[in-house]
Amino acid sequence: MGFLDSLLGKTELPKARPDKLFAITTAAITLQASLDLKPDGAAAICIKPMESSHYDAARAEVEDFLKISTKECGCQYSIQKDEYGYMWVVLKDPDLEDLVASIQMISQVLIEQGYGGQILCAVFRFRGESTVYWIYSFKQGLFYPFVPLGDQKRNNALEFRLKASIEKELPIEKEMERWYPLWGMPI
Amino acid sequence: MLLTFFLLGALYLAFLVVLLYFQADLLTTLIFIGGFMFLQYFYSDRMVLWSMGARLVSESEAPNLHETVSRLCAMADLPKPRIAMVNSSIPNAFATGRNQRNAVVAVTSGLMRQLNQSELEAVLAHELTHVKNRDAMVLTIASFLSTLAFFLVRYLFFFGGGGKRDRSGIVLVWLASMAVYVASFLLIRALSRYREFAADRGSAIITGQPSHLVSALMKISGTISRIPSEDLRKVEGANAFFIIPAASGSSLFNLLSTHPPVEQRIAALERIEKELSA
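For the protein sequence lines, the chains are A and B, in the order given. Just so it is clear: in the first sequence, position 125 is 124 by numbering that gives the first Met the number 0, and no numbers are missing. Just so it is clear: in the second sequence, position 148 is 147 by numbering that gives the first Met the number 0, and no numbers are missing.
For reference, chain B alone in the conformation it holds in the complex:
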């Protein structure tokens, strides 16, 4: 997923560079950027649903899912989104759509199978908070701004005059664009992680039960399988032979990922749980 995003962006960038190199004027380039963002903004729900193979489900097809979402929407005073299902054994859920009226919340069949009712509710509340917080819009605008920043750097510093068309010029231009792109990429990731924490918090407040989201996160991430079932006395001897302890997320990966590591999310939820009790 991460690589896809990165490659997509790089491709998009390459196209822009080509456009500029062939001295397309400012207007054409702006129209191109604007058009791209417009498509992403207005068709994001359909694009995402199509790419994930999600299918909208009616109330009679998934009564339990609809009722759970209805009640959460009534609790948090939100318009009810459309609901979609993805036929996949990997437990996952996502929300999409440019605003609250056009929102879709989707879950995979694996999620429905693996989570119990209260865990499912917690995950749905997390997705509904994304809808409430207009995260799709926030991130689209953020990426638009980063594109704009990148564009300005490119245009002001390298094409201030008529534009140079020598070989070393294009390499330099490309490197500078790449630097801006990488910086904004990291910033958007950071923003996205912040929105994830906010959605976790929203789920905890709407459901009133942060612990259910914790157990859902553990189930989804497979953390639960990391809690050993063998007796301590039995493994004590064998432990000395392991050279590298079970791999935990490196800091580089954390910087790049859109979601914070599950451990951090669980720790944040535990703090909320304490707040609610206080």
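Just chain A, with the same shape it has in the complex:
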């Protein structure tokens, strides 16, 4: 968004950038080899719902896609609303590549319908010594780690370590003030 637009008081949501999403699949190999961090068979995409019948149609299309694709691959999905009113599509599938492909497809459907700006992020769960979430920001097209410790605290030390060890393979959000936590994710 341009400086002039904001001076004139125009607001537009930044467009979704799904292009770097697949980077997580190759990074997963390094994560497993060097940090013993395995994909945990779960991922989710977080969407801000809108009040509009056209958006409802787009959402229905997403659900249709999920019904068909989950039948094919034998994985599961669920749609949930969190306490902040955001919608989560939670996917369960042992294969990380399938998970990434499904999330990419969901984002594609929304982008084609003009609702790319409503996608907040995608989350991939990994398991090692502790549960690690890799969050993909659709606004920046970048990943960042999130290791919750419970009680609104996060393991920053581990997050920095993860960042340092994977930086070369995974496009990481460099500005750490954008590493927004997501407490109480349904995943």
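Note that these hints are calculated values from the structure, not bench results. Treat the numbers as computed from the prediction; the structure is a model and nothing was measured.
Derived pair list, reagent style DMTMM-like, types lysine to aspartate or glutamate, alpha-carbon separation capped at 20 Å:
hint : chain 1 : residue 1 : chain 2 : residue 2
1    : A       : LYS14     : B       : ASP76
2    : A       : LYS14     : B       : GLU274
3    : A       : LYS9      : B       : GLU274
4    : B       : LYS273    : A       : GLU11
5    : B       : LYS273    : A       : GLU50
6    : B       : LYS79     : A       : GLU176
7    : A       : LYS37     : A       : ASP97
8    : A       : LYS19     : A       : GLU168
9    : A       : LYS19     : B       : ASP76
10   : A       : LYS37     : A       : GLU158
11   : B       : LYS79     : A       : GLU172
Please build the complex by placing chain B on the supplied structure of chain A, with the hints as guidance.
Just chain B now, with coordinates in the frame of chain A:
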């Protein structure tokens, strides 16, 4: 609030007039104006927070508030502002700070109590749009320009020569200054109302749900209590006795207020809602 602004301005003006009357040179006066604006620009956040009795709150103190703001900032790709709370039962919220990095968004405890999560989110998105649109900067510059305009009128027309120091002169000077001041005051109000509409629109786009801002506005303004709960058949008879219908905002008040009337804001939001559905 309005009266305070007006009186503050008038005082500031009176000081300027005195300065000029005693033939302070152009430079001193410019330094005075510049200094005043500088203070207002750089310390606005602290001044506003202090005058409102707001206290910055950490993530552990207000986790829900922080999370809501974080997500909105992530949605709209904005740096996260600091968050403050005011201990007041009047539901209200405001944003301050000269730029996005120094911004503070504050809410009152009354607002937190009275609004539900989605209404609170809508109000926060409105304040975040003010931050995004750099409204504090825009309005500071606008008031600086109006001060400058006022100053030029004063200086060029009345002090073109050496300066007259007779009694009728100062009255005339004061009247002319006042006229410029009133005109710019009204213009700045109009600008401010425009920024309010823009912030409402931003909130609707960021949250995707204009109706939540509508209900928040209704709750904050007390409009909701104006929706009657008595049965129509019961009040029909009594209505004839009311000479003056419930007072609605007069046009003079609208001209002066910094915020547009709630009815107009709600109507604008309803139009946005239709746009989003189209």
